[in-house]
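> Sequence:
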Amino acid sequence: MKRWFFNHKNTLMLFQLLLIILAFSNHWLFKMSVVTDFSFLVAGVLGVVPLLIQAN
-8 MKRWFFNHKN TLMLFQLLLI ILAFSNHWLF KMSVVTDFSF LVAGVLGVVP
42 LLIQAN
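Under my numbering, the first residue of the sequence shown is numbered -8, with each subsequent residue one higher.
It should be emphasised that the hints constitute simulated quantities derived from the structure, not laboratory data. Don't take each hint at face value.
Unchecked claim - Subject to a maximum C-alpha distance of 20 Å in a straight line, what follows is the list of computed SDA-like cross-link-like pairs (lysine to any residue):
no.	residue 1	residue 2
1	K0	A34
2	K0	A46
3	K0	V40
4	K0	Q45
5	K0	L43
6	K0	F29
7	K0	D28
8	K0	L42
9	K0	P41
10	K0	G35
11	K0	L10
12	K0	G38
13	K0	I11
14	K0	V33
15	K0	V36
16	K0	L37
17	K0	S16
Fair warning: this is a prediction, and the values are worked out from it, not measured in the lab.
Using the sequences plus the hints, can you model the full thing?
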């Protein structure tokens, strides 16, 4: 696994921010709540999982 990626919090934060921006883009471009909710769900999961890995 790419554990080195999770060690760089700045890289992870930028990646999470990118996902959030994509979520807002989906909301404004397509006006589809399903797409936006899915994007936020993915961003949330990818944001929490590395923290759980770091805790362990």
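> None of the hints should be skipped; say for each whether it holds.
Results for each hint:
Note on K0 and A34: the hinted pairing holds, with a Cα-Cα distance of about 15 Å set against a maximum of 20 Å. Restraint check: the Cα-Cα separation between K0 and A46 comes to about 13 Å, which is no more than 20 Å; the hinted pair holds. Using a Cα cut-off of 20 Å, the hinted pair K0 and V40 holds, with the two alpha carbons roughly 13 Å apart. Proposed proximity of K0 and Q45 is supported: the alpha carbons are some 10 Å apart, at most 20 Å.
Under the criterion of a C-alpha separation no larger than 20 Å, the hint pairing K0 with L43 is consistent with the structure, at around 13 Å. With a CA separation close to 24 Å, the supplied pair K0 and F29 exceeds the 20 Å bound. In summary, the hint linking K0 to D28 is not supported, as the alpha carbons are separated by about 25 Å, beyond the 20 Å threshold. Among the hinted pairs, K0 with L42 is consistent with the structure: their alpha-carbon atoms are about 10 Å apart, no more than 20 Å.
With a C-alpha separation of about 9 Å, the suggested pair K0 and P41 falls inside the 20 Å cut-off, and the hint holds. The suggested pairing of K0 with G35 holds, with an alpha-carbon distance near 15 Å, which does not exceed 20 Å. Between K0 and L10 the alpha-carbon distance is near 15 Å, which keeps this suggested pair within the 20 Å criterion. Between K0 and G38 the alpha-carbon distance is near 11 Å, which keeps this suggested pair within the 20 Å criterion.
With a C-alpha separation of about 16 Å, the suggested pair K0 and I11 falls inside the 20 Å cut-off, and the hint holds. A threshold of 20 Å between alpha carbons decides the hint, and for K0 with V33 the separation of about 18 Å falls inside it, so the pair holds. Pair hint K0 plus V36 holds up; C-alpha atoms about 16 Å apart against a cutoff of 20 Å. Between K0 and L37 the CA atoms are separated by roughly 13 Å; this keeps the pair inside 20 Å, and the hint holds.
Between K0 and S16, the direct Cα distance comes to roughly 24 Å. Violation of the 20 Å bound is thereby established for this hinted pair.
Of the numbered hints stated above, those contradicted by the structure are hints 6, 7 and 17, listed in ascending order.
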